[in-house]
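The residues making up each chain are set out below.
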Amino acid sequence: MEKQFTIKIKNGRKYFYRFSLNQRFQHIFLFSTVITLVLTGMPLKFYDTRWAKPLYAIFGGINYTPVVHKVAGVLLLMLFVYHIGYLIYNFTVDEVKPLKAAGRLNLPSLLQAIMRQPMMPQWRDAKEILQLMKYLFFLTPERVAGDKYTWKEKFDYWAPFWGIVIIGSSGLIRWQKELFSHLFSGELINYAVIAHGDEALLAALFLFIWHFYNVHLSTMVFPMGTVFLTGYLSEEMMIHEHYGQYVEVMKQAGLEREIQPLPGSGDQHRARGPETAAPVGY
Amino acid sequence: MLLGLTVVWTVMIWNLTFAHLYKGDSHEVQTAKDPGREQPKPVEGKAAFQKQILDSEKTVKLYLGYQVLEQKQLLGHFHIVDIQLKPDTRNYCISCHGDIPHDKFKDLRAFGNMHASFIACQTCHIRLEGDQATHIFKWYDRATGQIVPSPVKDGALPGTYNAKIIPFERVDGALQRIDSQARIDFAAEYRKQEQSLSEVQKSKAKKIIHQQVSKQPYMCESCHVQQGSLLPFEELGYSKQRIDAFVGTEVIGMIKNYTQFYLPHILEPGIGSHEPEKKVQ
Amino acid sequence: MRMRDTRRSGSYAAFKIMLALLAAALAFPLTAFSAGGEIRTDTENCLICHRYPGMGRFDEAGVKRIYYINEMKFANSVHGKLKCTNCHVGLDKIPHTDIRKVDCTTQCHLKEPSTEREFSHTNMVEKYNHSVHGNSDPNNPKPFPEDLPTCTYCHDNSIRSPLEGVWGTSQALANETLSRCVGCHTKDHWAQNYYLHVTHRMRHLRSQAEIIKLCTSCHEDSEKMSRHGLDSIATFKDTFHWNLVKFKVKDAPDCISCHVPIGFTTHDIRPKYDQASSVNKRNRVNTCSNQGGIQSCHPGATDDFAGGRVHAYGTKAQLVVDGAQSIAVEADESLLSERARRDMSEREIMNFKILSYIRLFYKILIPMVIGFMVCHQTLDLLATLRKNRHNSH
Chain A
1 MEKQFTIKIK NGRKYFYRFS LNQRFQHIFL FSTVITLVLT GMPLKFYDTR WAKPLYAIFG
61 GINYTPVVHK VAGVLLLMLF VYHIGYLIYN FTVDEVKPLK AAGRLNLPSL LQAIMRQPMM
121 PQWRDAKEIL QLMKYLFFLT PERVAGDKYT WKEKFDYWAP FWGIVIIGSS GLIRWQKELF
181 SHLFSGELIN YAVIAHGDEA LLAALFLFIW HFYNVHLSTM VFPMGTVFLT GYLSEEMMIH
241 EHYGQYVEVM KQAGLEREIQ PLPGSGDQHR ARGPETAAPV GY
Chain B
1 MLLGLTVVWT VMIWNLTFAH LYKGDSHEVQ TAKDPGREQP KPVEGKAAFQ KQILDSEKTV
61 KLYLGYQVLE QKQLLGHFHI VDIQLKPDTR NYCISCHGDI PHDKFKDLRA FGNMHASFIA
121 CQTCHIRLEG DQATHIFKWY DRATGQIVPS PVKDGALPGT YNAKIIPFER VDGALQRIDS
181 QARIDFAAEY RKQEQSLSEV QKSKAKKIIH QQVSKQPYMC ESCHVQQGSL LPFEELGYSK
241 QRIDAFVGTE VIGMIKNYTQ FYLPHILEPG IGSHEPEKKV Q
Chain C
1 MRMRDTRRSG SYAAFKIMLA LLAAALAFPL TAFSAGGEIR TDTENCLICH RYPGMGRFDE
61 AGVKRIYYIN EMKFANSVHG KLKCTNCHVG LDKIPHTDIR KVDCTTQCHL KEPSTEREFS
121 HTNMVEKYNH SVHGNSDPNN PKPFPEDLPT CTYCHDNSIR SPLEGVWGTS QALANETLSR
181 CVGCHTKDHW AQNYYLHVTH RMRHLRSQAE IIKLCTSCHE DSEKMSRHGL DSIATFKDTF
241 HWNLVKFKVK DAPDCISCHV PIGFTTHDIR PKYDQASSVN KRNRVNTCSN QGGIQSCHPG
301 ATDDFAGGRV HAYGTKAQLV VDGAQSIAVE ADESLLSERA RRDMSEREIM NFKILSYIRL
361 FYKILIPMVI GFMVCHQTLD LLATLRKNRH NSH
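Residue numbers (the working numbering), protein chains in the order written: chain A, 1 to 282; chain B, 1 to 281; chain C, 1 to 393.
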């Protein structure tokens, strides 16, 4: 793995390391297969619309589009398997081995370790949501001080996670219907047809409304967030989204004096950075 | 700009989510309810109009292997029609009376409609007398309305000409088509304003539109005679063979059969006189 | 490349010859007519009137009736050798006062070669009368017999057509076959006719979409269907089969692919509880997996596979689920409710419920999630606006 610094300073601005190359790679793999799947799948669900046939034709019409869809689906499932392996590996290295070394490897400690994982939903997330509600409904000017992964990002993570399980399994059933009918009732195919289409619709809408807005279109990052390519997040965004982690990292780096206040917390004379984040090279 | 963005997003989201669901719902209601029990009654007349008039015009494709025919669907019709006469854009009679106007006399209506596909209404339903009579008849194109040279010469199949015969009249010494632009405009204006006219005005307008219409139209034997036919067949481009067929024993015998045995009264003045056909609603 | 060009030009020449032949065949009635005579098939001179396209009227029910005969199309149709009065019996007077409906069981003075008896469609009609569309049982007459399709509801006087189309890949086949015929049967026209007589029956005359249009013209009419105790089959359009039809896949499954598979006949469609039906439990695996060794859509199909519902559940299942009491009250009135109780097994009802729950689940989940997201994004946008304004002061 490449050597990464937690804070990188370029042109006098700080950038914070967030995603490893491996993670970024997984993400690129994920979104390219998902976009392909949406584009090749939706024309079948909305066969009566005007855009269905032209869109289908782009991918080679009825003879080739299903193949594209299936290939993309298989790649996505492979990524899923890889990701599970990646999780287990990291978990073993970071949690199980130290526990074993300390001789405290038992079920409760394992469960505790699982609950500690950064992507697991925690009590703090509920509080964050409550705080956000207050902010959104004008009850407080103070934004949420998000930690390393905010509840939004956890949502972003678990929704596709669940989606891949449902859509992947129902897709496989639709694909290998004869095979699956050896194991289950033929009626399962009908369930799979509905689940595949509806879940896919939900997933697509989720991605384009929720995820796209949050990471690209919202006014802070418009027109496009670059962290998914560079792995670094600008200081401004860091403060905006992950204030908790920001403070922590700054302290670790010995930069306590340069810590900016949380916007809306009363300290209004902070220096405002430029509106748009400049792309970063490393 | 942000507000605009919000609106665009909202509309897009609506279309993608709820609009689809609502559409899906209505589809399901249609199929999932027992219509015998629960179907809400639509406005009956309107629905019937929709079903019988607007929806009934469907086309059907016939795959012949070497050709695909698409023709008007006539449920239960056996023989292949495969001919579509272009709509007559010039004739203003059909805008009220419809394209298949003859309905009154059971034994004659199909014949009447057959002739109406290549003879303008005015040819038979207007008797030009005296100075007005010119004995000039010409062909006009159904699609353009323009006078065209005789289509009969081209060896086209009978009745498939896409042209119609129209009489000429003499007004103040000048020769003109009987379906003059003035008359067409008058009728069109009437149709446009019909809703707002009083009953009296309507009667008056109708009277004027039908002013020329003769109570006693020309009948079969006006043309299907050996001598003195109303229509100048030769001038209209018919070959000797066709003319012989028109006035031959087969056709004339058939007409005699009609006039003598089935409809002896039809040519008597006053009886069976023609009001203009009932208006197609 | 050069090879290819020559081959193409060769087939193009054949194509031109064929075109000329066909044009000659088609033009035959025309030339016959313009020579002043009558056309060959019309020995009764009916076309003296009936060749005019405008010949027609509206009948008392407001239905358009057309009495026009397209001479060329008729001459090339499967009935092209018949006289008008062979079928239109009694139309020998003018005006036609003695009109009888055409009866397809009429013997039409053609010799049926295998028996040398006069030909008629009696066999087909008898079969049909015993099928699900017929009304043969006098003890158990069907309600609303006027809804049942007649011969002409589905059949028109189809034009004889070659395999795949004259200009298609089967052209070589046609030439090859015909070249063997005309060695003995020296009249080209006759041989061509005979060839077409056979090939006409070897291909589907309608596209999948047209078949579905024909069947659904009744079977999607939920009013008509419910008075016969049947589900409307609009749910077919929820299936992947329909997707295939919609996207014009070759060999996409239409109604008859499963309901009249190879080895069955359209005239003898049986209700699904009849053991002779292709969708009867006994035959279903075969229908899905292997139709007489010719068509094989789901080769690995099992009983369980074939046991699944192909069109989603419709009104009947809904009726049963909607509650026993409403059915009990109206059972006498509604044939559909009665049939629903009879036809729907408990297992099917359970499956229908699961399906409904899955649908419902997504029907709630999608709007909920999306609604939440939209609210959040809108509020977030507003908050940002507020902050920007605040900052700019």
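FYI, nobody ran anything at the bench for these hints, they're computed from the structure.
A hint or two may mislead.
Said to hold, decoys possible - Chain C stretches covered by chain B per the calculated footprint, using a threshold of three residues with CB under 8 angstroms from any CB of chain B:
(1) 48-60
(2) 72-81
(3) 94-105
(4) 148-161
As the list claims (entries may be wrong) - Quick list of the computed label-pair ranges, beta carbon to beta carbon:
(5) C:265 - A:35: 29 to 37 angstroms
(6) A:70 - C:265: 36 to 44 angstroms
(7) B:202 - C:138: 53 to 61 angstroms
(8) C:186 - A:70: 53 to 61 angstroms
(9) C:265 - B:253: 45 to 53 angstroms
(10) B:87 - C:384: 54 to 62 angstroms
(11) B:188 - C:265: 30 to 38 angstroms
(12) C:371 - A:35: 21 to 29 angstroms
(13) B:146 - C:184: 22 to 30 angstroms
(14) A:124 - C:386: 33 to 41 angstroms
(15) C:265 - B:149: 32 to 40 angstroms
(16) B:253 - C:190: 47 to 55 angstroms
The structure presented is a predicted model; accordingly, all values stated were derived computationally and were not measured.
No residue lacks a Cβ here, since even glycine has one placed at the ideal position from N, Cα and C.
Here's how the hints hold up against the structure:
1. 48-60: It holds: at least three residues are needed, and the segment 48-60 of chain C offers 10 whose Cβ sits within less than 8 angstroms of chain B.
2. 72-81: n = 3 at 8 angstroms, threshold three: holds.
3. 94-105: Check passed, 3 qualifying residues.
4. 148-161: holds (count 9)
5. C:265 - A:35: 29 to 37 angstroms: violated (49 angstroms)
6. A:70 - C:265: 36 to 44 angstroms: Since the Cβ atoms of residue 70 of chain A and residue 265 of chain C sit about 37 angstroms apart, the hinted range of 36 to 44 angstroms holds.
7. B:202 - C:138: 53 to 61 angstroms: holds (57 angstroms)
8. C:186 - A:70: 53 to 61 angstroms: holds (57 angstroms)
9. C:265 - B:253: 45 to 53 angstroms: holds (47 angstroms)
10. B:87 - C:384: 54 to 62 angstroms: holds (60 angstroms)
11. B:188 - C:265: 30 to 38 angstroms: violated (56 angstroms)
12. C:371 - A:35: 21 to 29 angstroms: holds (24 angstroms)
13. B:146 - C:184: 22 to 30 angstroms: At roughly 56 angstroms between Cβ atoms, residue 184 of chain C and residue 146 of chain B fall outside 22 to 30 angstroms, so the hint is violated.
14. A:124 - C:386: 33 to 41 angstroms: violated (26 angstroms)
15. C:265 - B:149: 32 to 40 angstroms: Check failed, 54 angstroms falls outside 32 to 40 angstroms.
16. B:253 - C:190: 47 to 55 angstroms: violated (36 angstroms)
Against the hints set out earlier in the document, violations occur for numbers 5, 11, 13, 14, 15 and 16.
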